[in-house]
Amino acid sequence: MASVALKDVSKVYADGTHAVHSLDLEIEDGEFVVLVGPSGCGKTTVLRMVGGLEEISAGELTIGDRVANALGPRERDIAMVFQNYALYPHMSVFENIAFPLRAQRANRAEVKQRVESTARLLGLEKHLRRKPRNLSGGQRQRVAMGRALIRQPEVFLMDEPLSNLDANLRSEMRGEIIKLQRELGVTTIYVTHDQVEAMTMGNRIAVLRDGLLQQEGRPQDLYQEPDNLFVARFIGSPPMNLFRAVLQVADGKVVCRLHGDELVLPEGYLDRRAALGRYVGREVAVGVRPEHLRDARIAPEHPRLRGEALLVETLGAERQVHLRLPAAAVLTQEVLDVVRDFDAPAVEELRAAGDDRQAEAIARFDADAEAAVGDTVELGLVAEKLRFFDLDSGASIK
Amino acid sequence: MGLFRYTIRTFGRELALILIAAIWWVPFYFLITVSLKPADELYTNPSGLPSHVEFSNFSSAWEGVGGVTLGDALKSSAIITAGSIAALIVIGSLCAYAIARREGRISTGLYALFVFGIIIPFQLGLIPIYVTMRKVGLAGTYPGTILLYTGLLMPLAVFLYTGFVRRLPRDYEEAAYVDGASRLRTFIRVVFPLLRPVTATVAMLATVIIWNDFFIQVIFLSGSPRLTLPVAVYSFVGQYASQWNLVFAAVIITILPLLAFYVFAQRQLIKGFSGGVKS
Amino acid sequence: MSSSSSPVEDTLGGTAGRPGSRLRSPTFRRTRSLTGIPLLWALPGVALVVAFIYVAFGAGAWYAFTSWDGVSASAPWVGLDNFKEIVNDPSARDALWHTLELTAAFVILVNVIGLSFALALNRTVKSRNWLRAALFAPVIVSPIAVSYVWQYIFAFTGPLNSLFGTLGLSSWQHDWLGDPDWAIWTILVLLVWQYAGLTMSFYLAGLQGIPEELDEAAAVDGASTAFRLRRVTLPLLAPATTVSVALTTIFGLRVFDQVVGLTEGGPGGATETLATQVYKQGFVQGRFGYSAAFALILTALVAIVSLTQIAVLRRREARL
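Protein chains in written order, with the numbering used here: chain L, 1 to 398; chain P, 1001 to 1279; chain E, 2001 to 2320.
Since the hints were derived computationally from the structure, they do not count as laboratory data.
Using N, Cα and C, we set each Cβ at its ideal position, and we do this for glycine too.
Some hints here could point you the wrong way.
In silico DSS-like cross-links for lysine-lysine, where the CA-CA straight-line distance does not exceed 30 Å [stated by the list, open to error]:
(1) P:Lys1075 <-> P:Lys1135
(2) L:Lys179 <-> L:Lys131
(3) E:Lys2280 <-> E:Lys2084
(4) L:Lys7 <-> L:Lys398
(5) L:Lys179 <-> L:Lys126
(6) P:Lys1075 <-> E:Lys2280
(7) E:Lys2126 <-> P:Lys1271
(8) E:Lys2126 <-> P:Lys1135
(9) L:Lys126 <-> L:Lys112
Computed list of chain E residues with no C-beta within reach of chain P, every gap over 10 Å [claimed, not checked]:
(10) Leu2167
(11) Pro2180
(12) Leu2234
(13) Gln2309
Between the sequences and the hints, there should be enough to build the whole structure, so can you do that?
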């Protein structure tokens, strides 16, 4: 059991690409930390550096109380579950799990006993003689975990272990992994690009983008107080709604002036938001989560905005209304990066549309709310939950 | 990638490999230096660099032996190799196409015929072939030799083509049929161009095999004016045995064409040779 | 892949222009289909192979039981006399023995060295392509021609002996080509030198089929490099090993060019092989029947050895 500390860690490849920039991250003993971000953000590189599979270009990595930079993977007492499981195809399940022990030249009796108990822990007792090619995806995943567990390592590294499973299996395995980790209390670093996974699994999550740490902390903290536009847009499903507005003060009240409407904020709004005061007269990005876009007909107390319904999706427990807002869309690089991760061709389209594009939003209404495509919808924005961001730097204005 | 932590160790390994490769090329070093040496230096300076470059070794070697110059031999090698390759490609691809696109026991049986043909050593059959060809007057001729090589290498060509055609989707052929093309036209215009990778492999393997082949050529072409480079260099050595400078000049002339070819097509060649491993 | 037509498509005539749609109309299917490629196209290929490989093989095998001289019209049947002669003649037995020991040594050495090259090369990054090209080059040079270079190297007054001399290892100097005990090993050196690049390329291709993740996982699991090699890499190289060993065996048994180039079968028959005997007995001495007997033995040897090998190696593969 050990803590892992990365101090100012960077990774530069031979051709000059910076995969990771000066990362500072501390993982406590027994914590489950998730590294999350779009493809290419460097999260797998960080994991591999911790594992000893990538050379650390700069900075210091400490595992437990030892500086681990120069240690090979064998000496670091870590175990890794690979994305494609990396099961030895020519060995049975038994032999796969036994491999780490055989590599340490454990005696036959010990191997047998430990492999069998690990297999029992993961529900694999009946499959010990099978070869990986005869196993289902979920079973293979468990064999990979068994092979990692049997060494009782100090640190557990997982590289997107669930991304190759179908949706149902994924949620089932998620629960199992969490349960296992809690039982065994092993320090775990988990990499995924799925922010839902990140939110549900980690004690703490760290969001990376282009090799830079964007924010780290508890999932709820990142959700409620994102440090920048990227985190705001990346975390949360459906994503945080964003639009542009100019802050103005009129009659002592703060007003957000949108293209086609204005949002009047409650009295004394700027009193508790000193930094925001400096942006009066400037354009900012305004963020509001879908659940904080209320149906004004049943929540009339909130500042109002009018939107046009584009699409209404009834999802059983709620109704998601997609709206066009009378405001300009936020299309900074951060937002485009999030889009690129799941729909790369759309990025070009968006960039071409440029400033003319109108902001769209998703509101979460009650399941029986009346709304139809084409309707003008009165929205109530929960002022307390509005978040503001600097359009140039992307940073949140706290 | 990242597993190779100690770049000193990997650097050392790379250095060792480079050293080994250098040693591996020592024969070529001798080949080049000796071929450029004047005759007396062969004994006064066996291992060093020549004091001056003696190109006349090459012109002497070029003269060949028995009235057949190395230039003639080169021409013969080229004709036989090119002719065989052309025949192999045309006949082999058509044959493989017919086999690969048909279902049924006949085609499976024919395929087996070719696969076994690859394994069967040809030395045994060479004797009756030689005798028959001599009787028919084909021994020592270009057509005869080309025919022989085409027959012997056909199993390999058909094997390679069949495998590839089987994996080719039929959509293109079907589209051509719908457009009203005859089967032959479809093959020539649609299928054959798609077979370019295999054709390249067949051509390259056949080039190396035929160009360098000695056993068959020494049997069928010795004494003939159409003898090829391997035979020519063999006879040359027979006559100029210990005049290494001349011999090596002849050797260089012999291996140069393929080496030049290798410099350009090296990656494809190596891939062609090691392709069978994937099975 | 004969397409089945749905009644709807038939009535509607299919969607015009869609490839293959006309194929589904009933009249069309009868007139043209892919199974209609005439077997005639295969005829030239088949004829050539049957003639030059199968018929020739049969005829050659038959000649092995005659005492034909290749000239006279008749080939008198002598039954097993040729084979008896081979068994009783010490030089013939020697040729067989040379072939076997040369092949055995060759297969082992060329595969071990080729594998080592492949393993080492697989890990280098920078000069990898150059090294691979350099080591493979000897494969494509004319064997007979390059043998003469090695004849020069192994000559008594040649560079190898003079190297030993300058290194002070004069006890290592030998008459490599003239000493019957050493001559055959010069051929071995030449063969290994020429074909290590080929086996290397087989093993490299095999190594590329092994995902790098497996080696990484093994390293993370705590396995030393040797352990990884033994338990992960080598077993997964089994298909490449099968191919390489089988091909080098077949090739070793048939070796001819290098023997002729280096020693011409000498000194005193010390390096004769089956293939050189086939040539000499038949095309030099004119004893075609006797030569065919050698060829038949060679063929049988190739068949037995390679089939056993493939069976053994494939069974190993299947177990993995």
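Each hint, compared with the structure:
With a CA separation close to 26 Å, the supplied pair P:Lys1075 and P:Lys1135 stays within the 30 Å bound. Restraint check for L:Lys179 and L:Lys131: the C-alpha separation of about 27 Å stays at or below 30 Å, so the hint holds. Between E:Lys2280 and E:Lys2084, the direct Cα distance comes to roughly 19 Å. Compliance with the 30 Å bound is thereby established for this hinted pair. This hinted pair checks out: L:Lys7 and L:Lys398 have alpha carbons roughly 27 Å apart, not beyond 30 Å.
About 22 Å separates the Cα atoms of L:Lys179 and L:Lys126, which keeps this hinted pair within 30 Å; it holds. For the hint pairing P:Lys1075 with E:Lys2280, the CA-to-CA distance comes to about 28 Å; that is within 30 Å, so the pair holds. The straight-line distance between the Cα atoms of E:Lys2126 and P:Lys1271 is roughly 20 Å, inside the 30 Å bound, and the hint therefore holds. For the proposed pair E:Lys2126 and P:Lys1135, the alpha carbon gap of about 58 Å is over 30 Å, so the pair is violated.
For the hint pairing L:Lys126 with L:Lys112, the CA-to-CA distance comes to about 14 Å; that is within 30 Å, so the pair holds. Listed as a non-interface residue, E:Leu2167 keeps its Cβ farther than 10 Å from every Cβ of chain P; the least gap is roughly 13 Å. With a closest Cβ-Cβ approach of about 20 Å to chain P, E:Pro2180 is found to remain outside the 10 Å limit, as its non-interface label requires. Against the 10 Å criterion, E:Leu2234 stays outside the reach of chain P, whose nearest CB is about 15 Å from its own CB.
The Cβ of E:Gln2309 sits about 12 Å from the closest Cβ of chain P, beyond the 10 Å cut-off, so the non-interface label holds.
Hint compliance for this structure: hint 8 alone is broken.
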